[in-house]
Amino acid sequence: MHPVRKQRLILVSLLVVLSSAAIGLVTFALRDNINLFYPPADVVAGKAPTDRSIRLGGMVVEGSIERSETDLETTFWVTDYEASVAVRYSGILPDLFAEGEGVVAEGTLNEAGMLVASQVLAKHDENYMPPEVAAALEGKSAPTAEPVLP
Amino acid sequence: MIPELGHVSLIIAFVLAIGLATVPMWGAWRRDIAAMNTAPSLAVGVTVFVAVAFVLLTISFLRDDFSVAVVAANSNSLLPPIFKFSAVWGNHEGSLLLWVLILSGWMTAVAYFSRGLPLVMVSRVLSVMGFVAVGFLAFSLLTSNPFERLLPNTPLDGNDLNPLLQDPGLIIHPPLLYMGYVGLSVPFAFAIAALMGGRLDASWARWSRPWTNVAWGFLSLGIMLGSWWAYYELGWGGWWFWDPVENASFMPWLMGAALVHSLAVTEKRGVFRSWTVLLAIFAFSLSLLGTFLVRSGVLTSVHAFAADPERGLFILIFLALVVGGSLLLYALKAPSVASRVSYGAVSRESLLMVNNLVFTVSTVVVLLGTLFPLIMDAFSLGKYSVGPPYFNAVFVPLMALLMPFMAVGPLSRWREDSTRRWLHELLVPGLGVLAVAILLGFFGKATFNIWIALAVLLAGWVALGVIKDAWRRLTSGVASGLQWRRLSPSFIGMSLAHLGFAGVVLGAVVVTQESEEHDLRMAVGDAEVLGAYRFELQSLGQQAGPNYLADQAVFEVSRDGESIAVLVPEKRRYFASGQIMTEAAIDASLWRDLYIALGEPIGENAWAVRLQYKPMVRWLWLGSLMIGFGALFTVLDRRYRSQAARSAAPQTGAAAVAS
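Read top to bottom, the protein sequences are chains A and B.
Position 102, counted from 1, in the first sequence is what the working numbering calls 102; the numbers after and before it change by one each time, with no gaps.
Converting from the second sequence to the working numbering requires adding 150 to each position, the first position being numbered 1.
Derived from the structure by calculation, the hints contain no laboratory data.
Note that CB positions come from ideal geometry on N, CA and C, so glycine has one too.
Warning: the hint list may mix true and false statements.
[As the list claims (entries may be wrong)] In silico DSS-like links for lysine-lysine, alpha-carbon gap of 30 Å or less:
id, chain 1, residue 1, chain 2, residue 2
1, B, Lys418, B, Lys483
2, A, Lys47, B, Lys533
3, B, Lys418, A, Lys6
[As the list claims (entries may be wrong)] Reference listing, derived: stretches of chain B covered by chain A, where coverage requires no fewer than 3 residues with Cβ under 8 Å from a Cβ of chain A:
id, stretch
4, 496-510
5, 667-681
6, 719-733
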């Protein structure tokens, strides 16, 4: 075979093998590892699946944080001002996690409709709001006059 | 007055950058020597005025001029001076100014070190970089002016710098990272200039190679510092989160890794030319994409800060212009520069091709995972997030695939080699590494850990290739003694980088497999055992800092009844913002880190505490340092220094003819 053609054949076959391997890996990995985001209203309406991990986002309801006295378990409610969902988390919460602040919790819903969170993300600076939370809260306003959202 | 001067200075820089983007380019087209000769002076002019603007902004920060909006938003009179200085780039506007400052620094460096290059080439390169500078200066002036004033409503004091950024790591992390990001504009400019001239030859590759290595080295160091900072500052003890902002810096790095290797082939053998050009274009485009992702705040990220969609749109348009323009130029010009050199299936060229394919595919899968949520959202298909398991599942096997080839690469010959020779070189030592890997798989435990064994095998294999290669260079062809002079800087740099890569892989696997973490409630007097270590909470106290008040917990760590460290993690409350910050306490060593972070207080005299044992976590950063410094070291190679002198001769000749 002509050397240049042989070279091309090697290149093309390598490309085919590698890219099919990569596509296989990607589809396999994506299948289980993406989480869909749901605002509390959708969860309460029963639109969220219970058999897989989801992301829930909104504001932490004022006065809803309950910490255990003996271990690291914490429960709190997340709201989009239409509906609220309870979240249970065992572990250390982020520094900027607080009542009346935006939060995204990742985990699975149990039979009682409570989200058992494996991870809780809070915002990273005073002005930042996770885009999903901002979108979920758009057009809805806090029942009280406190400046929760611009 | 000072901020206004800064603003004017930035506008002057913008005007000069427009000159740089147009006049030398026109000159190169019309072969007008005078127009082309303006390039270096215009580049220096842009640098000077951007530097003046930067210094004036710094002065505003140091003098607590809260009438300047960014100072009021990101500084405070109580902030320690060193952090007032780093606060200059601890915000969107200032960091953009730093971006432009570093870009113009690279332009000046190109103007200075490329005096030996053909004038047409230099003027085109600088002009392309000038175009990039125009884009970013316009971005700065139109959407994020760092000198905007708050008059007459000047606040009495500032909002303070985000406490997360009040840290020594953050003083040097952004400048280093930007050196890398922006540095990739140099090979990009060289590639565009070469496409315009229709000349993609070995000398083009030799010119852009040292620049690429330096930029990529800085990018490695910047990413390494970011990972280290996240480890000790965020209080989670993680070192890589596959966060969109991390990916934004990692994708240009992966592309850059492919480019560094592909340039080697182009320089030595004259093949892969159009591919190399394409890589240079993609690497810089990914830098721009990274800037877009970070600066627009379109993605949910632990690193994302408050953002403004208008800014995102601006960078997106600029990105489309750069990528679209360069790909169009590539489509028009690349066919004419294809090479006719051939090489065998078993050769160094083929091995480097494997490297390039693996790195390109890795970039694509990381890009896919990063952009997937954006794409789904854009088509209203739901709000997704792609987590670390995806990235680990696709990325780790790809890197594992790369490593077997990595050891053979440096040992192999260009053009035509034989697998028998490779076997002869590597079989016996390879079996030795296999035996060690199986032994170390036990890692002091009764159960065999296959992943650690694999990591030791692959990392050992790579290290073996490096050692074998060095030994061959030192001894071959001489009866006795070692030929140290045969170890050229580029060889040492490459070996260092490869060993560093092996170290990173080993550290990553061991720390992932063998880490132990306990989150628990601890009261004064409580003790907890983690592996061989006993952590006892001895006392709680408070300590005031310059701009914060800290709750402290004093831990004594002992092993076999012997005290080895006293660790004092803190929980700080910053006065100005009221923000709470975890300050982890770490006892670091080469083989293991002990890590304590405080959560929140639970009842009386007790805290939620995170205790961690992290074996070999330092190898990650030491390895990355070796990669970065290895890449930087290659520029000391004599062939890059003598090249300036060599190509100076034809250039003066051409100038003489032209005049």
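For each hint, the structure was consulted:
no., hint, result
1, B:Lys418 to B:Lys483, "22 Å, holds"
2, A:Lys47 to B:Lys533, "14 Å, holds"
3, B:Lys418 to A:Lys6, "21 Å, holds"
4, 496-510, "holds (count 5)"
5, 667-681, "holds (count 3)"
6, 719-733, "holds (count 5)"
Violated hints are absent here; each numbered hint is respected by the structure.
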